[in-house]
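*Asks:* Going line by line, the protein sequences match chains P and B. Okay, so the first sequence: first residue is 15 according to this note's numbering, each after it adds one. Okay, so the second sequence: first residue is 15 according to this note's numbering, each after it adds one.
Just so you know, the hints here were simulated from the structure itself, not pulled from any lab data. Remember, predicted model here, so these are calculated numbers, not experimental data. Every residue gets a Cβ at the ideal spot worked out from N, C-alpha and C, and that includes glycine. You can take every hint at face value.
Selected chain P positions facing chain B (Cβ under 10 Å, derived; list incomplete): (1) T19; (2) P21; (3) E52; (4) E55; (5) N61; (6) N82; (7) I101; (8) V125; (9) R155; (10) E156; (11) S167; (12) L170; (13) G403.
Straight-line distance between alpha carbons at most 25 Å, and here's what the computed BS3-like set of lysine-lysine pairs gives: (14) K17(P) to K68(B); (15) K446(P) to K371(P); (16) K288(P) to K262(P); (17) K425(B) to K47(P).
Number of protein chains: 2
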Amino acid sequence: MQKPTIPKGTRDFLPLEMAKRNYIFRTISDVFKLYGFEQIETPAMENLSTLLGKYGEEGDKLLFKILNSGDFLSKVTREELLSDTSIKLTNKISEKGLRYDLTVPFARFVVQHRNEISFPFKRYQIQPVWRADRPQKGRYREFFQCDADMVGSDSLLNEVELIQIINEVYSRFGIRVCIKMNNRKILSGIAEMIGEAGKITDITVAIDKLDKIGIEKVNEELSSKGISENAISLLQPVLQMKGSNFEKISVLRNLLADSPTGLKGIEEVEFILKKADALSLCSELEVDLTLARGLNYYTGAIFEVKALDVEIGSISGGGRYDNLTGIFGLPDISGVGISFGADRIFDVLNQLDLYPKELTESTKVLFVNFGENETDYCLPIIQQLRKEGISSELYPENAKMKKQMGYADNKKIPYVIIAGENEIKENKVTLKHMGSGKQQLLSREELLKILR
Amino acid sequence: MQKPTIPKGTRDFLPLEMAKRNYIFRTISDVFKLYGFEQIETPAMENLSTLLGKYGEEGDKLLFKILNSGDFLSKVTREELLSDTSIKLTNKISEKGLRYDLTVPFARFVVQHRNEISFPFKRYQIQPVWRADRPQKGRYREFFQCDADMVGSDSLLNEVELIQIINEVYSRFGIRVCIKMNNRKILSGIAEMIGEAGKITDITVAIDKLDKIGIEKVNEELSSKGISENAISLLQPVLQMKGSNFEKISVLRNLLADSPTGLKGIEEVEFILKKADALSLCSELEVDLTLARGLNYYTGAIFEVKALDVEIGSISGGGRYDNLTGIFGLPDISGVGISFGADRIFDVLNQLDLYPKELTESTKVLFVNFGENETDYCLPIIQQLRKEGISSELYPENAKMKKQMGYADNKKIPYVIIAGENEIKENKVTLKHMGSGKQQLLSREELLKILR
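Put together the whole structure using the sequences plus the hints.
*Replies:* In structure tokens, the structure reads:
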């Protein structure tokens with residue numbers, strides 16, 4: 015019989031990986047809670063009408079779609095069956111899809127529950143999402159997102175708070191990061207300024223790649239999208255802008271002097287920078303005009319976080335969106351949010367060896383099993399240890415000593431208790447410390463004192 | 015525009031519900047860990063080849079199936095399209111399904127990772143499962159299971175440990191329960207004894223309903239399944255057996271004297287009862303010969319837990335299975351496990367009002383926002399509180415006082431801090447206790463002392 019497998023791009027998590035992942039989720043959610051965010055969850059399945067059209071044409075293709083239950087063909091005519099393309103037929107045999115991100119379901123949640131929640135609403139959410147992307151190293155078809163969003167407030171103090179949260183999360187992890195920041199309004203201003211306001215999307219998509227493909231390729235791409243040579247040359251000072259954040263701002267203020275939108279963006283960035291400066295955070299904060307992020311729904315601040323000591327893509331990202339709930343019929347709710355990529359953080363912590371030493375929450379004490387009499391002697395002691403919160407196990411069978419000790423080794427159990435005939439006679443137990451090999455004969459009280 | 019909805023049978027969880035659910039999951043997993051179980055997770059999607067045929071014909075229908083990505087029709091001929099039934103076509107356009115329970119994916123996991131784990135392997139798993147059941151009160155299409163299983167050991171001490179775990183979990187919840195226990199071998203012995211060994215499944219399915227439909231209906235069902243009148247009359251003493259656990263055992267020992275399998279089952283039950291008795295657990299433990307549980311894979315002990323103070327179905331169940339991994343090509347791995355039904359526990363705790371009072375992990379302190387100067391004064395104080403682990407928020411906008419206080423009320427924030435011109439002059443803050451309405455003018459140090 016063939017060894018069973020799981021779908022490509024998905025993963026099983028073994029105990030050690032779970033302990034690491036739980037550490038990541040716990041650290042992030044602790045910080046979210048410290049800032050007053052409350053947890054929600056949404057179902058894995060959403061109606062396709064909620065999901066379709068929200069992630070672009072490519073996104074629609076990458077949605078995992080659920081086949082309708084029962085006799086799904088009964089609603090399809092012979093003619094449709096023969097003439098429809100796969101995409102067209104999909105709409106007739108599938109009504110539900112798996113969550114693709116946490117943002118769109120959250121927008122749906124806010125609209126659906128608007129009378130049960132009070133605004134401004136600060137929520138966090140840690141759940142898996144599914145994308146039918148081609149699996150590759152570090153990219154999975156099922157992965158976890160950890161999002162915090164605040165909706166129902168325009169205040170830029172929310173942006174400041176997100177920066178504080180990013181700073182706090184990564185300083186708890188011990189990961190040195192640079193928080194990159196830009197503003198969609200500045201990007202719009204730039205597009206106006208170079209006379210290509212209508213091509214803002216093409217421009218942002220192209221300059222977003224500057225880091226990866228270099229300036230020449232970016233210019234080629236801009237040209238291929240029909241951006242004029244004049245516009246491209248006007249754009250060069252922006253792409254090559256150097257200096258401190260405040261230097262960049264003062265250059266921009268001149269460049270965008272005629273764009274009210276652009277100036278508004280500059281003002282926003284300046285406000286956020288000043289507040290963040292006053293809090294003297296340990297993370298770097300850098301205005302990066304090439305930061306665009308693909309997502310069209312951003313309307314103000316845009317954030318992205320890079321780890322300084324590891325070569326890896328961004329490990330967090332987010333921004334301000336002014337009308338996400340509008341697509342579900344509730345306009346004028348502004349929101350701003352940040353998403354932590356658990357899988358990349360997992361890799362960074364592994365590469366930098368930053369996991370806490372005492373991570374696994376496994377058994378503390380294993381009782382060796384010598385047979386029924388000894389078991390009867392041990393069970394009440396084990397019960398007592400557990401009452402004290404000390405995780406304990408009795409090896410379930412009277413197996414060879416070597417096997418039982420091997421079990422303790424494999425599970426990294428630090429203490430083993432041996433209670434054979436002699437110990438029972440004296441109403442004691444022998445405690446073996448697996449690290450040092452040291453053994454002690456102890457009364458129950460002494461045992462408790464040591465293990466507590 | 016229509017209000018958006020979610021698929022029927024699925025749920026959103028709002029912050030208060032999340033807090034309650036997290037309390038349930040935390041309590042259960044704390045106990046699992048105390049007994050040395052380690053957490054794993056498996057993907058939401060499994061290959062259909064892993065899932066199909068494991069839950070009976072009915073179960074196959076209730077699996078949520080995922081449409082293949084891309085041009086799924088390209089592998090189907092015109093002829094097949096027109097001639098296939100929905101079920102037949104499903105196999106050609108769908109290769110993956112959503113997890114239906116945690117047990118089968120765990121069996122698959124054990125076989126797939128047999129060289130990475132050490133046996134006996136104690137794992138726990140808390141994840142959602144999906145079933146295309148008709149939604150009804152208390153039954154959902156997405157719900158969470160909390161399972162602990164121990165595989166790779168025949169020892170009955172594992173059964174005893176599961177009883178301890180059940181007892182510990184429900185005593186932590188404050189829910190009084192009766193743990194019902196039976197043994198598949200006894201059921202087999204009974205089927206042999208009444209001369210209907212071949213109809214064990216029909217018999218167990220019928221007597222499993224005794225509680226719900228009464229003895230007459232059970233007898234009718236047995237008869238309709240072709241069980242002889244003689245056999246049914248021989249079965250009556252079993253169905254109506256009364257008395258203490260040990261009385262039942264001694265009656266059974268006579269009844270099943272000629273069935274080695276039956277006697278083995280009795281021996282197992284007796285061993286478990288004696289060990290459990292010695293531990294003087296607070297939960298009732300009752301041998302219930304009508305307990306069968308539908309699942310065919312049980313081979314030894316069968317457990318089910320009923321809440322004593324609420325009318326509701328079983329809130330936990332489990333048992334011994336001797337060959338679950340056999341279906342994936344790894345025979346002779348015995349396992350025993352228990353599953354906690356989070357949704358029913360949620361309802362029981364609600365009905366009995368047993369949730370801890372201080373459940374919500376929301377904000378402790380809200381700072382009222384009076385404008386930019388006051389904000390600049392407050393931000394470093396908030397930062398300091400957070401450094402001390404005190405969850406704090408600044409209301410993001412300079413809104414009317416009433417609105418800000420309403421926000422604190424809605425979110426059940428116990429403390430509000432007011433720092434206006436006067437407080438700033440004195441380098442102090444006013445702390446308002448929302449419960450009593452009491453206000454105090456405090457220095458930062460005094461504030462910290464109170465909130466810590």
